[in-house]
Amino acid sequence: MKIQQISVFIENRPGHLAAQIRALAEAGINIVTLSLADTEQFGILRLIVRDWEKAKGVLEAAGRVVKTTEVLAIEVEDRPGGLAELLEVIDAGGINVEYMYAFTYGFKGRAVMIFRFEDPDAAIAALQAKGIGVLDAVDLFRRAEG
Amino acid sequence: MRTLWNDAGGEFHPVCAPDFLPLDRLQGLQLQRLRATVKRAYENVALFRGRMEERGIRPGDIRSLDDIRSLPFTEKTDLRDTYPFGLFASPMNEIVRVHASSGTTGKPTVVAYTEEDIEVWASVMARTFACNGLHRGDILQNAYGYGLFTGGLGAHYGAEMLGMTVIPISGGQTDRQIMIMKDFGVTAISCTPSYFIHLVERAGELGIDLRDLPIRAGIFGAEPWTEGIRRHAEEQAGIKAYDIYGLSEIIGPGVASECTEQGGIHIFEDHFYPEIVDPKTGEPIPDGESGELVFTTLSKKAMPMIRYRTHDITSFITEECACGRTIRRVKRVGARSDDMFIIRGVNVFPSQIEAALLAVEGVQPHYQIILTRQKGLDQMEVQVEVTPELFSDQVRDLESVQRRISKSIEGTVGIRAAVRLVEPHTIERSMGKAKRLIDNREK
Amino acid sequence: MTDFPFENRIWDPAETLARDELRALQAERLRETVARVAHVPFYRRALAERGVGADDIRIADDVRRLPFTTKEDLRQHYPLGFLAVPREELVRLHGSSGTTGKPTFVAYTAEDLECWANLCARFLVAGGLRREHMVQIAFGYGLFTGGFGLHQGVELVGASIIPAASGNTPRQVMLLVDLRPEVLICTPSYALNIAEVARAKGYGPDDIALQFAHFGGEMWTEDMRHEIERALGIQAFNNYGLSEIIGPGVSGECAARGGMHISEDHFLVECLDPDTLEPVPEGEQGELVITTLTKQAMPLLRYRTRDIAALDSAPCRCGRTGTRMSRVVGRTDDMLIIRGVNVFPSQIEEALLRVDGATPHYLIEVDRPGAMDEVKVKVELRPEAFSDRMDEMQRLRDRIGREIFTVTGLRVGLELVEPQTLERSAGKALRVIDRRQNRPGG
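Chains as they are written, first to last, in the numbering used here: chain D, 1 to 146; chain V, 1 to 443; chain B, 1 to 442.
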């Protein structure tokens with residue numbers, strides 16, 4: 001159920017983001033989705049890619065600090081109120097969201113969001129109890145890459 | 001004689017008399033005190049006795065001032081190696097004050113004073129302020145930090161001895177400093193030159209022109225500065241800016257000061273005997289040539305220092321000073337013969353920053369210290385390479401790493417540093433040894 | 001007299017003056033003080049309004065005929081309107097934070113400083129300080145009177161001082177362990193913090209040489225005393241003072257520790273009902289109102305301290321005759337004491353008003369999760385201050401933090417909140433939530 005996300009440290013300076021994206025491109029790695037957390041000094045680039053081990057290897061070979069984290073890909077109704085309902089379930093379960101970002105591929109009226117929880121297992125249990133779909137890696141990449 | 005005491009005006013304070021001793025009497029006093037100091041150090045401090053015995057010297061062998069050259073040098077590392085009390089020459093019950101500065105590594109450098117030492121210290125600081133043309137009736141804003149740092153309390157006691165009104169404002173809170181300067185009609189401020197430049201800039205932002213205020217003197221020390229900064233401070237604030245010099249191992253501030261002639265710093269050599277030596281060989285060099293300043297204390301009781309290597313580079317000024325003082329002058333101190341740097345009046349060695357970084361889990365000693373001056377205030381940025389142990393996918397974790405590093409540095413050297421995390425392998429390594437310090441402060 | 005934990009030594013014979021002699025001395029000095037304040041326009045007016053002069057003071061109780069002085073009066077005569085001597089005679093100025101921007105300043109002549117040092121020496125010696133001791137002073141120095149007052153007292157006794165000042169707790173611990181001082185001087189909460197950091201570094205009472213501590217600058221409790229004494233293996237003594245009156249040195253505990261002996265030869269202390277301003281019966285709590293009897297530079301008549309305590313004039317077994325005051329148990333205004341610093345909510349408001357983007361809608365939350373007070377200020381932002389860029393939000397937060405530091409001298413935690421989210425009750429917002437444990441009445 002859990003998806004491996006890789007995150008990379010980048011300095012908040014011109015050219016630093018492009019260099020990393022270029023390294024991945026040259027290795028033929030397709031980025032399915034990403035988010036960038038920015039602060040005054042540095043950023044954290046979070047990536048979802050199919051072959052995360054390869055991507056990690058490429059970035060590390062380029063001298064980058066890379067970390068993998070387990071995140072969840074959760075289906076959400078693609079209509080007004082869809083996300084609100086999902087968040088209410090998460091809230092009711094007393095589960096802490098560290099951060100989240102949107103996934104662009106809709107499928108049968110449903111969108112997908114990437115969530116980073118403090119305790120992903122507790123989140124899975126709470127969501128599944130309410131019948132909310134949590135995608136595994138196979139499902140996710142099939143939707144994303146067709 | 002009285003007419004020569006011109007810079008003290010009609011307010012001559014008797015504590016300043018030794019500034020004007022005829023040379024033969026000064027040297028007589030120096031020799032008598034040198035002999036007593038060497039005897040005291042030999043009899044009470046194992047390190048000094050041991051080193052003198054190695055060289056086969058006994059206190060009685062010091063018969064002239066030149067005989068000082070036969071004595072061994074003392075280094076800052078000697079204070080660390082004998083930490084905390086090893087260089088004390090007085091029993092603990094005669095010690096009334098202990099100060100400390102950060103040492104070259106984890107342990108601080110501890111210095112001690114007897115009641116008599118405190119009295120001498122106040123007198124040399126009183127002479128410093130008198131040199132700067134101040135006297136009873138002046139209102140001094142003392143913005144040196146109070147506490148373990150010798151600057152604040154050292155200046156304070158001297159100002160009080162001279163009979164000035166002292167506002168012990170200590171460092172920081174610039175807006176309040178400006179408000180007080182204005183509201184109380186402050187006539188003199190003591191602080192680091194860089195802090196004063198910052199204060200002038202901030203005053204400008206607040207729409208206050210210091211030239212309109214009664215302040216007329218700045219007593220600046222604890223860090224090297226230049227004629228350019230002097231001109232700037234004097235023009236922008238309508239003051240006379242004076243250079244003062246001191247170091248805690250010798251006594252604190254009050255070792256030397258400019259007079260109103262502003263042509264080099266007069267050493268209070270009835271208490272601190274100066275030599276200038278070749279920093280490599282330790283041999284004396286001809287008067288007027290540049291070398292390392294070395295001090296022997298002549299009256300310190302709790303912690304006498306024999307030939308202490310300051311690592312400050314300067315030279316004697318051989319001409320007499322127009323102020324009439326007979327005590328010798330040296331040029332403004334600037335360069336160092338080691339890698340120490342001074343920021344906001346605090347002495348810092350790169351090795352201390354390294355020790356502070358290594359105290360934080362996951363930090364590798366790949367770092368660089370970058371000094372800048374923003375709005376007149378010295379800033380220290382420490383760049384640290386991110387390691388896999390430090391990295392996280394969450395912003396707040398990385399911010400917490402920055403905070404931990406910053407706290408560790410502040411705990412070690414007492415200065416807040418901005419910590420910037422940088423990508424691995426981005427800090428230049430040259431010949432296996434990284435360049436640790438980039439000083440971008442304008443000179 | 002033999003059951004004291006250490007020798008009951010008396011520093012100044014004046015501490016044991018017979019009560020009738022003391023009252024006579026107070027009357028005489030009060031008369032002198034009233035004559036001296038004639039140099040202060042504020043008092044000249046106030047005395048004239050009441051038709052009272054120095055000649056009307058015959059006994060100490062005649063103090064009740066004199067006018068009150070408030071902090072607001074001091075503020076209105078900023079900076080030195082209360083000076084009773086020529087400016088040239090001042091050798092020192094100290095300050096305390098005011099309710100808004102301008103701090104309150106207090107001034108000292110050389111004679112005042114000597115007197116102040118002697119008053120601090122009195123309670124320090126009463127609480128075990130001896131010439132042969134080494135003392136770590138972890139109070140802030142500078143404009144704050146705490147550090148300097150105690151420093152001068154210790155110096156007068158002839159003991160050795162480590163002027164550590166406050167902050168850098170790991171270094172405080174290192175000094176305790178390496179230099180082995182016998183006496184610690186700071187705020188009680190900072191002592192607890194030092195003890196915690198020491199414990200975290202693996203040091204216990206056996207690794208340090210501390211025997212005594214003298215605490216002041218904030219309210220604390222008996223429970224806290226026991227906790228600190230256990231943690232550091234010491235005996236802790238309480239002392240009291242405020243900068244407007246002199247600084248520390250108004251009163252302090254003796255070895256019997258049954259209240260703090262007031263140096264009544266220098267301060268005339270009344271305990272009044274804050275509403276009626278009539279004396280409360282002895283032993284009952286009221287507001288302390290203090291008249292200085294010997295201050296030269298800035299004598300004050302009937303200064304309203306806003307501190308609530310009780311008085312006890314029963315003889316003490318230590319032999320000192322000065323009336324004892326209880327701990328301060330509360331305040332009659334909204335002043336907070338945080339890490340020894342006096343803070344008024346109005347100061348926070350003033351700081352916020354200086355920052356574009358912040359509103360003066362705020363909530364101060366004070367906690368004491370471990371030993372140290374922690375302050376969080378929640379601030380409502382203006383809608384236009386929001387940015388999608390974290391770096392801009394961080395800069396705004398830092399700016400607010402700096403302004404609060406400039407005004408109060410305190411570093412606080414900040415939480416930026418959305419407009420209209422802080423509770424307003426009946427038009428007046430709730431400004432302070434104080435959750436500190438170990439707080440009297442809290």
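Hints in this document: simulated from the structure, not taken from any laboratory.
Note that beta-carbon positions come from the ideal geometry of N, C-alpha and C, so glycine has one too.
Misleading hints may appear alongside valid ones.
[What the hints assert, rightly or not] Under 8 angstroms between C-beta atoms, here's a sample of chain B residues computed to sit facing chain D: (1) V177; (2) D178; (3) S387; (4) R389; (5) R395.
Inset, instruction - Output the numbers, in ascending order, of every earlier hint that fails for this structure. - result: Violated hints (numbers, rising): 1, 2, 3; every other hint is consistent with the structure.
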